[in-house]
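Those protein sequence lines, which keep their order, are chains A and B.
Counted from 1, the first sequence has number 444 at position 387 by this note's numbering; the numbering is strictly sequential.
Counted from 1, the second sequence has number 91 at position 55 by this note's numbering; the numbering is strictly sequential.
It is worth saying that the hints were derived from the structure and are not from the lab.
Every value quoted in this text rests on a predicted model; they were computed, and no experiment measured them.
Be a bit skeptical, because a hint or two may be false.
[Claimed, not checked] Some chain A residues judged to face chain B by a derived CB distance under 7 Å, without partners named:
id: 1; residue: T93
id: 2; residue: K104
id: 3; residue: S120
id: 4; residue: N251
id: 5; residue: N256
By construction, the Cβ of each residue, glycine as well, lies at the ideal position given by its N, Cα and C atoms.
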Amino acid sequence: MSLVKQIRMVALTGNEAIAYAVKQANVDVIAAYPITPQTIIVERLSKYVADGELEAAFIQAESEHSALSICIGAALTGARTFTSTASQGLALMHEVLHIASSMRAPIVMAVANRALNSPLNIHCDHSDIMNARDTGWIHLFANNVQQAYDLTLIAFRLSEDLDVLLPTSINLDGFILTHSVEPVEVLPDEDVRNFLGENRYPYEIDFNKPLAYGVMALPDTYMEFRKQLYEVLKSAPRIYDEIAEEYAKISGRRYGKLLPYFTEDAEVIVIALGSSVETLKYVAKRLRREGLKAGVLGITMYRPFPEEELVEILSKAKVVVVMDRAYSYGGVGGPLYTDVLSTLYKNDLKITIADFIYGLGGRDFKISDAEEIFKKAFRALEKGSFDQDIYWWGVKE
Amino acid sequence: MVEVQVLREVVSSESPRDDLIRRERFPHIWCPGCGLGTVLKCYVEAIASSDIPRDKHVIVSGIGCSGRMAGYVNIDSYHVTHGRPIAFAEGMKIVRPDLEVTVISGDGDLVTIGGNHFIHAIRRNVDINVFLVNNFIYGMTGNQYGSTTPLGARSSTSPYGCPEYPFNLPLLAAALGAPFVARWTTLHVRQLAEAMKKAMKVKGFAFIEIISPCPVGFGSYNEMREGMDFIKFFLENCIVDHNADLNKVAISMRPGDPIILGNFVEREAPTYHDLEREVFRKAGWLK
Ligand SMILES: Cc1ncc(C[n+]2csc(CCOP(=O)(O)OP(=O)(O)O)c2C)c(N)n1
Ligand code: SF4
Numbered sequence: 058m059s060l061v062k063q064i065r066m067v068a069l070t071g072n073e074a075i076a077y078a079v080k081q082a083n084v085d086v087i088a089a090y091p092i093t094p095q096t097i098i099v100e101r102l103s104k105y106v107a108d109g110e111l112e113a114a115f116i117q118a119e120s121e122h123s124a125l126s127i128c129i130g131a132a133l134t135g136a137r138t139f140t141s142t143a144s145q146g147l148a149l150m151h152e153v154l155h156i157a158s159s160m161r162a163p164i165v166m167a168v169a170n171r172a173l174n175s176p177l178n179i180h181c182d183h184s185d186i187m188n189a190r191d192t193g194w195i196h197l198f199a200n201n202v203q204q205a206y207d208l209t210l211i212a213f214r215l216s217e218d219l220d221v222l223l224p225t226s227i228n229l230d231g232f233i234l235t236h237s238v239e240p241v242e243v244l245p246d247e248d249v250r251n252f253l254g255e256n257r258y259p260y261e262i263d264f265n266k267p268l269a270y271g272v273m274a275l276p277d278t279y280m281e282f283r284k285q286l287y288e289v290l291k292s293a294p295r296i297y298d299e300i301a302e303e304y305a306k307i308s309g310r311r312y313g314k315l316l317p318y319f320t321e322d323a324e325v326i327v328i329a330l331g332s333s334v335e336t337l338k339y340v341a342k343r344l345r346r347e348g349l350k351a352g353v354l355g356i357t358m359y360r361p362f363p364e365e366e367l368v369e370i371l372s373k374a375k376v377v378v379v380m381d382r383a384y385s386y387g388g389v390g391g392p393l394y395t396d397v398l399s400t401l402y403k404n405d406l407k408i409t410i411a412d413f414i415y416g417l418g419g420r421d422f423k424i425s426d427a428e429e430i431f432k433k434a435f436r437a438l439e440k441g442s443f444d445q446d447i448y449w450w451g452v453k454e
Numbered sequence: 037m038v039e040v041q042v043l044r045e046v047v048s049s050e051s052p053r054d055d056l057i058r059r060e061r062f063p064h065i066w067c068p069g070c071g072l073g074t075v076l077k078c079y080v081e082a083i084a085s086s087d088i089p090r091d092k093h094v095i096v097s098g099i100g101c102s103g104r105m106a107g108y109v110n111i112d113s114y115h116v117t118h119g120r121p122i123a124f125a126e127g128m129k130i131v132r133p134d135l136e137v138t139v140i141s142g143d144g145d146l147v148t149i150g151g152n153h154f155i156h157a158i159r160r161n162v163d164i165n166v167f168l169v170n171n172f173i174y175g176m177t178g179n180q181y182g183s184t185t186p187l188g189a190r191s192s193t194s195p196y197g198c199p200e201y202p203f204n205l206p207l208l209a210a211a212l213g214a215p216f217v218a219r220w221t222t223l224h225v226r227q228l229a230e231a232m233k234k235a236m237k238v239k240g241f242a243f244i245e246i247i248s249p250c251p252v253g254f255g256s257y258n259e260m261r262e263g264m265d266f267i268k269f270f271l272e273n274c275i276v277d278h279n280a281d282l283n284k285v286a287i288s289m290r291p292g293d294p295i296i297l298g299n300f301v302e303r304e305a306p307t308y309h310d311l312e313r314e315v316f317r318k319a320g321w322l323k
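Given these sequences and hints, build the entire structure.
Here you go:
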């Protein structure tokens with residue numbers, strides 16, 4: 058046996074990386090409706106199918122609502138199922154998102170995060186997925202193209218785990234990740250096959266054991282169904298850890314639910330989702346060279362929310378900045394801020410904290426922005442407080 | 037002495053319909069050779085020559101290349117969600133029957149994602165005009181096949197040919213009872229503008245399918261890379277037959293298979309508004 062492991066690097070965009078992972082996962086059904094900036098994922102997949110490289114049914118649905126409905130029908134027969142969407146498409150799916158999770162359909166969906174209308178905008182923010190936050194799906198976020206590839210494979214395994222059986226979304230920042238080319242290390246097909254195995258969906262159609270889905274549950278039973286969803290989402294993180302560990306063994310890449318960067322002794326920690334994590338890391342590294350104790354916390358698993366790990370990492374910090382690429386209008390802050398705030402409160406942690414709403418509709422988040430935000434946070438460290446709790450970052454006044 | 041008139045350059049950047057066009061929004065987003073500019077021109081001609089005051093006209097578009105139409109017409113214009121302009125227009129017309137509500141949008145928008153609104157608005161005979169721009173593809177999102185893509189045509193998601201049957205839209209609209217059903221191409225500028233003008237007079241649902249070149253999208257996958265390729269194709273393959281058997285007007289876009297055009301259906305039928313009034317009269321409270 059050769060001790061040298063062959064590594065295959067390919068230049069791929071985020072969309073192509075996901076399509077490649079889906080192909081390697083050997084899915085049975087792909088149903089989707091076109092929407093920018095995810096279109097290339099589905100285009101690539103349709104080509105793999107047309108070229109005979111992937112034996113799957115490809116259905117160009119008449120809407121996203123139909124696409125996800127098709128996926129649920131297919132998944133409940135035991136087919137490995139994939140769809141992808143963004144923005145308005147995800148919003149149109151909303152009704153069916155709930156059906157997918159409560160019927161426990163193990164679907165994997167890529168979401169190329171994009172702003173919601175109006176006004177019409179095709180660029181990145183997280184309003185689309187935050188609108189789908191409470192639908193009972195597992196939501197994973199990629200910070201770069203490599204992660205988009207890796208998390209897609211992990212997602213299939215996680216969704217199809219018999220103790221999970223839930224749909225999973227892989228989120229990647231529209232255009233910033235969907236359209237950027239990065240070198241990606243792809244696994245050999247065989248490793249993927251071994252890692253994923255066959256879809257062992259246990260409730261296949263069986264004439265001798267007929268089941269009923271989506272039945273009416275009145276006040277005497279409904280809550281028990283909902284509690285089941287609550288329970289399974291509580292146990293999913295543990296299963297994720299096992300799967301991620303196994304993935305680390307075959308790939309050399311380990312993805313915790315949180316991705317801490319210089320957080321151990323950090324006085325200031327900035328928390329973010331998606332591609333801006335990379336920008337923040339770059340800046341934190343520079344600040345470290347200047348002797349500033351800056352740290353960054355990327356979140357891979359946004360739902361179920363990794364409360365325990367978050368507490369562990371934040372408990373030593375003095376100042377926390379939450380970066381929200383969406384807002385909960387009329388609420389107390391951005392969605393991630395609200396999550397972090399309640400986690401801190403539940404655990405008696407009183408830390409100086411502020412929410413930065415940034416990058417809506419694709420407004421650029423530059424290195425200079427990250428620098429300024431860190432600067433504000435270090436000033437808050439000196440003063441003991443921020444001068445505001447919510448900053449709308451970079452908005453023209 | 038005879039005065040000699042010198043013919044000067046007649047090319048101008050102005051258009052006689054500039055008052056109806058939002059020039060400040062130009063250059064428009066459409067590709068060279070696209071048919072949408074012609075559709076815009078025909079629509080503003082129809083508005084200008086209709087007997088309906090300009091401030092009674094409103095336009096509603098969905099999302100897509102065709103959906104940009106609303107943004108370029110200098111009347112009250114609404115750019116709504118993908119697939120929903122017919123539903124939006126119904127809402128307007130029901131409370132403001134005095135308005136001349138026209139929907140101009142793409143095939144994907146109106147009969148694929150929005151297909152349900154299309155069939156139900158016709159069934160109800162809502163008094164709106166729907167001018168559907170059929171370019172056989174989802175242009176704006178990168179040329180995927182949809183419900184109007186001819187069987188076998190190539191697209192970004194059907195590299196070796198579309199495996200689905202397309203809609204035969206005039207047949208569908210006529211079967212549902214639309215009082216006015218027509219089909220023209222952007223080559224047939226006069227007939228198209230005339231049909232639009234007629235549609236504006238129709239009481240009830242007036243439907244025009246406009247066959248429009250998309251050289252950059254559909255064309256690039258199907259060997260029609262220039263706007264002129266489509267125009268030549270239309271010249272060679274279009275047949276005008278107002279009395280055509282609508283069972284036989286499906287479009288294949290194969291050379292030699294005719295594209296049948298015409299004002300196929302012109303009939304009268306009580307509108308949703310009329311029928312609703314009748315019910316209220318029967319109920320006894322409306323005189
Ligand atoms: C709910 C939803 N799904 C998908 C989209 C993405 N989208 C924008 S335009 C378009 C298709 C446009 O095709 P068509 O209506 O035929 O118009 P064309 O661009 O060809 O003129 C799509 C799918 C969207 N905006 N909203
Ligand atoms: S893609 Fe096609 S329909 Fe859209 S503007 Fe270009 S030519 Fe016109």
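*For the hint on N251 of chain A, does the least C-beta distance to chain B fall short of 7 Å?*
With a closest approach of 31 Å, the N251 of chain A hint is violated.
*Holds or violated: S120 of chain A as interface residue toward chain B, Cβ cutoff 7 Å?*
4 Å, holds
*Would the hint on T93 of chain A stand, with a C-beta cut-off of 7 Å toward chain B?*
6 Å, holds
*Going by Cβ atoms only, is N256 of chain A closer than 7 Å to chain B?*
Not OK, violated: N256 of chain A not within 7 Å of chain B, min 24 Å.
*asked:* Does the closest beta carbon of chain B sit nearer than 7 Å to the beta carbon of K104 of chain A?
replied: Holds, because the Cβ-Cβ distance from K104 of chain A to chain B comes to roughly 6 Å (cut-off 7 Å).
Hints 4 and 5 from the list above are not met by this structure, while the remaining hints are.
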